[in-house]
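Colleague: Chain by chain, the residues run as shown.
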Amino acid sequence: MSAALAIVALATLGSAAAAMLGRSLLRSIFMLAVSWAGVAAFYMWAGAQFVAFAQVLIYLGAISMVALFAVLLTRQSRDEASPPPAALRRAILAVVAAAGVAAVLLWAVAHSPLAVSGSLAPATSVRQLGFDLMGRHAAALLVVGVLLTIALLGAVVLAADGAQERPGDEP
Amino acid sequence: MNALQLCLAFSSLLFAVGLAGALARSNAIIVLLGLELMLNAANINFIAFWRFSPSSAPATGVIFVLFSIAVAAAEAAVGMALVIAIYRHQKTIRLPDATDLKG
Amino acid sequence: MSAGPTDAHLLERAPFLLRDWLTHALPEPLRWFANTLIAIAAILAIFGTLFALLTLVERKVLGRVQNRPGPNRTGWFGILQPVADGIKMLTKEDIVPRAADPLLHFLAPVALLGFSVLTFAVIPYGRDLVAVRLDAGVLYFFAAGSATELSIFMAGWSSNNKYALVAAMRALAQLISYELPLLLSAVPVVLAAGTLSAPDIVESQGGFTWGFVPHWHVFTPWGAAAFLVFFISALSESNRSPFDLPEAESELIAGHLTEYSGFKYALFFMAEYFGMCSLCGMAVTLFLGGWQAPLAALEFIPSYAWFALKLCALLLVFIWIRATLPRLRMDQLTRFAWKFLVPLALVNLAASAFWSLSFGWAGPMQALRWAIGIALAVGPFVLLGRRLGAGIGPRTYRYA
Amino acid sequence: MLGTGLLQGLAVTARNFLGSFYDRRRFVTTQYPEQRTALPEAYRNFPFLVCESADDPMGTLRCVACQICEKECPPQCIYIEKSKDKKPDANGKPQIYPAVFDIDTAVCMSCQICVEVCPFDAIKMDQVFELAATDRFGALLMDRHALAKPNSYFQSIHPTEAGEVDSRLLAARLAAEEKARTAAAAKAAPKPAAPKPPAAPSAEAPKPSPPLA
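Protein chains in written order, with this note's numbering: chain A, 1 to 171; chain B, 1 to 103; chain C, 1 to 400; chain D, 1 to 213.
Only chain A is shown next, with the shape it has when bound in the complex:
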């Protein structure tokens, strides 16, 4: 049980780290896709099948696609320019900060009295999930729907070409 978790966690963390370190942007995105798939595998391990499928559908099917599209639309050169000293200093600072955060979090995790009940959560059926979404969480669902609609419209407005073709605007 824990071994499976360890493998999944190592694969996820490894590919995430590789993605963050990589020079090639597109390779980074492919590594991130692996890492998201790893998170989906973690959900499967934890018995949340529905969430795992949703994770694959949205992260692998949509977000990585959008990211790839953004990369291709904003392509200047294959790799980033070599980091200037300022960037290197910032990277070191960032890693130190992240390590600090990780240390604090890990210390907290290790020293908190986490109440673990003996029984695992019962696997929720999709039907139950649907009733919950439409019942107790209907308002939240509505809000998320509105948020997604607005985000979609906003994205279209932002990404749409600002200089619309004016009449008589011959190239």
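Certain hints may be false.
[What the hints assert, rightly or not] Restraint ranges, calculated between C-beta atoms of paired labels, are given here:
| hint | chain 1 | residue 1 | chain 2 | residue 2 | range |
| --- | --- | --- | --- | --- | --- |
| 1 | A | Arg127 | C | Leu90 | 26 to 36 Å |
| 2 | C | Tyr397 | B | Thr92 | 32 to 42 Å |
| 3 | A | Val156 | C | Phe263 | 35 to 45 Å |
| 4 | C | Leu357 | A | Val156 | 43 to 53 Å |
| 5 | D | Met109 | B | Arg88 | 55 to 65 Å |
[Said to hold, decoys possible] Sample of chain D residues facing chain C (criterion: CB under 10 Å; computed from the structure):
| hint | residue |
| --- | --- |
| 6 | Leu10 |
| 7 | Val12 |
| 8 | Asn16 |
| 9 | Leu18 |
| 10 | Arg26 |
| 11 | Pro57 |
| 12 | Met58 |
| 13 | Thr60 |
| 14 | Phe129 |
Worth flagging that the hints you see were computed from the coordinates, not collected in a lab.
This one's a predicted model, so the numbers in the text were calculated from it and none came from an experiment.
For each residue, glycine too, the CB sits at the ideal point set by N, CA and C.
Given the coordinates of chain A, work out where chains B, C and D should sit on it, guided by the hints.
Modeller: Quick look at chains B, C and D alone, frame taken from chain A:
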């Protein structure tokens, strides 16, 4: 260390990796994807707590993750649209270069 | 795989009997493992054979449509043509361009084939004949299907070839655009059946009205409209003509396959046909009653035969369409998805909600229900179709 | 309505699909190596040399090695060497004959100019198209033995043209014989009252007008 703590450690490390990427890289797309990683780490926490400490509302953790994924999708869409808009004005997606408010 | 029906007659139980005869000697945990392996092997073998036959049938049908006989030299009526093609593919040199990304170049066909095979797991091939009985099977199907897009992009980008890259971008735009109507047209079925599990969706389509009209979803107004949207999106998702822009031979050589040769090319080909088969299988499951017989009197024929029959019929329609329609232009393709299919699917969602709500209507109300249902299905089609046709007409060329 | 055109198109393809099974006029494919369609009479590809009899092709070649075709050939695929001696032709007149007559079919462009310029109807276009060979150089270079084909073969592949040529040759031969006879008669008769034939009764071969001129 029990299973819950393992899961939480996993999510903390993933969060740190995402944070390091978001802070260190200058490429706007990688920064956004680092943010996505951090969101994923949070989702892992939800699932871990849902899994190992059953509460009276059995599906709450799962539903929260679903909402979180939806928000992440919206964030990614808007973020990438912003990146493209910035690129159109500044011809670069390196964040240190995108310092002008007026494009 | 589950235990299998006990009260059905011999032919219906044949796959289970065969499986149990093969594994009955094994101890319990090993037996489960062996059963799973047998399910995987059976799926791979059956669909592998289907793929081989399909390549032949496709060429035969295309030939007949163009009034030629098609391949008929290797073996009786060309039956050995797939074997000859396979040998040719396997013995070709595998070329990797020097500037390519070798790892991703290798990984792309493998990942594509892997994800395409994964989608076969949840399709019910017959009564209780499903590899994995998942509670969220339909969602699983679409999740695994959507991951194939990434592989196609991987192939196009890692080749480091301009045609392949253009094809990859086209494939991305196309697959994202048609993923949406594909999902949205499956939602009404989920709404009507009240479940995301594929076998339960098939079960919900059992029974007959007046003894001869089966309760398949395609025989309801919203079902017909959703089936149309699903079918068109499936055509596009499997990169089939008239939506085969990513590998448009006339302009992009072979699209994302330009830099692939030999066995890797064969893998791509296989994955494409697997994707086609699994999408058709899902269409049969969602709309055409899965393994249900079309007439009560015909239920003596085993369920998996019905499924195979419907699957083959849909695949033939795919080929028929390929033989008929010319390729769309890229802007027409995306416009068709976003301005026609997506709104149609959304309206159709409302139509199916109405259909579910008006379930109890009887007598003259039943006629009203049908009238409103048909109006909700046909009306948007006509209106949207008129708007769609408005902009697509002949193009004026400024410099030509 | 949207889609009616698509349905029409589908109907057309379906009609073709079904039609190809019962309508032989629709289903026009010929299974080539086993079945062959008759070639159209005007079909031509590479030249051959006409001889009078299949038994002795080298002895009855019409070609007199005048080398006009060699000079006219645009891709220069013909190579001719004249013989040192003379052999009697079909009319019994001694003629030079080609000691070497090669055509490189890999170079020939099937323009038929050699046929048009030949004053002796000695070179004609063939219909053999299955010339594939594994040797690029030797196998496609045809010498006079390979090129010589009897007049009966010419009759069988281009009946109209061959009939025309034959009747012209026959008329020329008859005219020549007539001329010879009258010349002989004039010589035999002591009186020179008979009108003299306009052409000199020299030993020149009866020369037909060039074909297609």
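Colleague: Hint by hint, say whether it matches the structure.
Modeller: Evaluated hints:
{"no.": "1", "hint": "A:Arg127 x C:Leu90: 26 to 36 Å", "verdict": "violated (48 Å)"}
{"no.": "2", "hint": "C:Tyr397 x B:Thr92: 32 to 42 Å", "verdict": "holds (35 Å)"}
{"no.": "3", "hint": "A:Val156 x C:Phe263: 35 to 45 Å", "verdict": "holds (42 Å)"}
{"no.": "4", "hint": "C:Leu357 x A:Val156: 43 to 53 Å", "verdict": "violated (33 Å)"}
{"no.": "5", "hint": "D:Met109 x B:Arg88: 55 to 65 Å", "verdict": "holds (58 Å)"}
{"no.": "6", "hint": "Leu10", "verdict": "holds (5 Å)"}
{"no.": "7", "hint": "Val12", "verdict": "holds (7 Å)"}
{"no.": "8", "hint": "Asn16", "verdict": "holds (5 Å)"}
{"no.": "9", "hint": "Leu18", "verdict": "holds (8 Å)"}
{"no.": "10", "hint": "Arg26", "verdict": "holds (5 Å)"}
{"no.": "11", "hint": "Pro57", "verdict": "violated (38 Å)"}
{"no.": "12", "hint": "Met58", "verdict": "violated (42 Å)"}
{"no.": "13", "hint": "Thr60", "verdict": "violated (44 Å)"}
{"no.": "14", "hint": "Phe129", "verdict": "violated (21 Å)"}
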